[in-house]
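Asks: What follows is the residue order along each chain.
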Amino acid sequence: MTDLTIDTELVRKILTGFIHTEITRSGFSRAVMGLSGGLDSALACFLAAEALGPENVLAIRMPYKSSSQDSLDHALLVIDQLGVQSLTMPITEMVEPLFQRFPDMENRRKGNIMARERMIILFDQSEAFKGLVLGTGNKTEILLGYSTLYGDSACALNPIGDLYKTQVRQLSRAMGVPDVVIEKAPSADLWLGQTDEGELGFTYEEVDKLLFLLIDQRYTPEECVESGFPADFVRSVIQRVRRNQFKRVLPPIAKVSNRTVGYDFLYLRDWGT
Amino acid sequence: MNLNIAMVQLNTVLGDVEKNLQKHLEYIEQARKGGADLVVFPELSLTGYALQDLAPTVSHRPDRSDPVFAPLLEASRQIDIIVGFVEEDDRNRFYIASAYLSGGEVLHVHHKVYLPTYGLFDEGRFFAWGDNVRAFDTRFGRVGMLICEDFWHASLPYLLWLDGADIFFFTSASPGRGITGSVDACNSGRLASAVWVDDINRAYAGLFTSFVVHANKVGFEDGLNFWGGASVFTPDGEQLVKGPEYREDLVFASLDLNQLHRTRARLPLLRDERVALVQRELGRIIDSRNK
Numbered sequence: 011m012t013d014l015t016i017d018t019e020l021v022r023k024i025l026t027g028f029i030h031t032e033i034t035r036s037g038f039s040r041a042v043m044g045l046s047g048g049l050d051s052a053l054a055c056f057l058a059a060e061a062l063g064p065e066n067v068l069a070i071r072m073p074y075k076s077s078s079q080d081s082l083d084h085a086l087l088v089i090d091q092l093g094v095q096s097l098t099m100p101i102t103e104m105v106e107p108l109f110q111r112f113p114d115m116e117n118r119r120k121g122n123i124m125a126r127e128r129m130i131i132l133f134d135q136s137e138a139f140k141g142l143v144l145g146t147g148n149k150t151e152i153l154l155g156y157s158t159l160y161g162d163s164a165c166a167l168n169p170i171g172d173l174y175k176t177q178v179r180q181l182s183r184a185m186g187v188p189d190v191v192i193e194k195a196p197s198a199d200l201w202l203g204q205t206d207e208g209e210l211g212f213t214y215e216e217v218d219k220l221l222f223l224l225i226d227q228r229y230t231p232e233e234c235v236e237s238g239f240p241a242d243f244v245r246s247v248i249q250r251v252r253r254n255q256f257k258r259v260l261p262p263i264a265k266v267s268n269r270t271v272g273y274d275f276l277y278l279r280d281w282g283t
Numbered sequence: 002m003n004l005n006i007a008m009v010q011l012n013t014v015l016g017d018v019e020k021n022l023q024k025h026l027e028y029i030e031q032a033r034k035g036g037a038d039l040v041v042f043p044e045l046s047l048t049g050y051a052l053q054d055l056a057p058t059v060s061h062r063p064d065r066s067d068p069v070f071a072p073l074l075e076a077s078r079q080i081d082i083i084v085g086f087v088e089e090d091d092r093n094r095f096y097i098a099s100a101y102l103s104g105g106e107v108l109h110v111h112h113k114v115y116l117p118t119y120g121l122f123d124e125g126r127f128f129a130w131g132d133n134v135r136a137f138d139t140r141f142g143r144v145g146m147l148i149c150e151d152f153w154h155a156s157l158p159y160l161l162w163l164d165g166a167d168i169f170f171f172t173s174a175s176p177g178r179g180i181t182g183s184v185d186a187c188n189s190g191r192l193a194s195a196v197w198v199d200d201i202n203r204a205y206a207g208l209f210t211s212f213v214v215h216a217n218k219v220g221f222e223d224g225l226n227f228w229g230g231a232s233v234f235t236p237d238g239e240q241l242v243k244g245p246e247y248r249e250d251l252v253f254a255s256l257d258l259n260q261l262h263r264t265r266a267r268l269p270l271l272r273d274e275r276v277a278l279v280q281r282e283l284g285r286i287i288d289s290r291n292k
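So the protein lines, in turn, are chains A and B.
Each residue of the first sequence is one higher than the last, beginning at 11 in our numbering.
Each residue of the second sequence is one higher than the last, beginning at 2 in our numbering.
There are no misleading hints in this set.
Quick list of the computed label-pair ranges, beta carbon to beta carbon: (1) B:His-154 / A:Gly-203: 50 to 60 Å; (2) B:Gly-35 / A:Gly-63: 24 to 34 Å; (3) B:Asp-67 / A:Tyr-273: 31 to 41 Å; (4) A:Phe-275 / B:Ile-201: 28 to 38 Å; (5) B:Val-279 / A:Thr-34: 45 to 55 Å; (6) A:Phe-109 / B:Trp-153: 52 to 62 Å; (7) B:Gly-105 / A:Pro-261: 50 to 60 Å; (8) B:Asp-273 / A:Gly-63: 51 to 61 Å; (9) A:Val-271 / B:Pro-57: 11 to 21 Å; (10) B:Val-279 / A:Gly-238: 43 to 53 Å; (11) B:Arg-281 / A:Ile-263: 52 to 62 Å; (12) A:Ser-246 / B:Arg-135: 48 to 58 Å; (13) B:Lys-243 / A:Thr-15: 17 to 27 Å.
Examples of chain A residues toward chain B, derived with CB under 7 Å: (14) Leu-14; (15) Ile-16; (16) Asp-17; (17) Glu-19; (18) Val-21; (19) Ile-24; (20) Thr-31; (21) Leu-276; (22) Tyr-277; (23) Leu-278; (24) Arg-279; (25) Asp-280; (26) Trp-281; (27) Gly-282.
With the Cβ distance kept under 7 Å, some of the chain A side facing chain B (calculated, not the full set): (28) Leu-20; (29) Lys-23; (30) Gly-27; (31) Phe-28.
Hint data in this document are derived by calculation from the structure and do not stem from the laboratory.
Note that the structure is a prediction, hence the values are computed from the model and not measured.
Cβ atoms here follow ideal geometry from the backbone N, Cα and C, with glycine treated the same way.
Please model the complete structure; the sequences and the hints are all you need to start from.
Replies: Structure (structure tokens):
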């Protein structure tokens, strides 16, 4: 019931097909993406290089002064292994003036600003490189809302958003992402010593199994508890998923007319292509 | 007697009927050159699948005065054609429809009866449901057509079988899903939904000792993937051909219609089917529900 094992060859075929089709049908042939040195963006980069050819992928490293050297090194490993185009754009000098304006700014605000600064760079390079911005958020992160709205979640298309973190690991292994990237502790690297699992308070292994039951298998909270998950854990995860729904939808438009975008003006983005 | 068919695993331009029509005419010509007697296009092949508010703007009427059907009907003088489209009836209801064209005429139109409106599907919001299912005669014998969700309900293939269909033409725009789960599907290189469709089609072929032909769309629409994998199952429940998955392609198959004789001589399920019993029991069940 909680076996999240995927058929990696099949998923690889679908996701590379998705990237290629959705970028080319809108008249583009290239992709732009942030490469953090972490696993999600590494996998997205592998998929994009395979889908579009490495010469059509621009991977951008955007370190802040406190970013770990490992992050930069690991991103470079991926760039070198794939032969994708790359750019390094330190964000320190861009965000520092805003930080200094509010001397008591805490980590969360700074982290959000950094994530949004990176978004600005990606979408600017999207224009310059004539490529669409590839998202790198996974299903676990999207469900838990563990991202910055209009920051790291901003993209033109997302190939890995329906894969749980543990499935991202499995596909990454199959595609040859460097071991060191797969095995290190996941981190947003927004401040020193930050890790996802430390901040969230549980491991991806645990929460993925729970989310798989709740979301994919439609278990009730009670059934999850009966399946062996601690009641507090189940409750807190459900609350997290619910409270972060706002990050997963477009802002609601107040309906006053007979036909309103989002309610009764319904077209796929692929309309006409 | 052999029936040579060609199944088109078509990728479509969403909502652009003119572009899709050109592809149809090209594939029809290729199928004809390849020796096919009949070419089968998937569900909504002239329009693409996830139409939403595009539905009323891409509708057509299957007759000679229609600019899209005129060239298709002309082409059907050379080769029979099954095509998927949105039909607007004379009271302006919109249907997901399949038309069988032959000898310059429309032999039959099927309106999709079961419109999935759950999960990722929202067809009931945009379309009217069809209200009948009929087998019909072609130059290759009596056949029936169903569209995607129609054959997820066992009653419709069963009715076609009783109505005389020996060949079932199923067409789909089936969004692929399911990358974990059943032992069968996992690591077979196939999606759970694709395995499931082939399983039920094999079952229909075997249980109804008939041919089942399935043509499915390929490509992406936003995040939805369509897997193709056209297939034919024989009256023995054996897979005759299997098209590639995730690739636009024209898949040929030659159906030895004499197999119907051989299989039904061995396995007289049709002969032994007790239709009156079914009717009697259905009547009882419906009556008891109404009490």
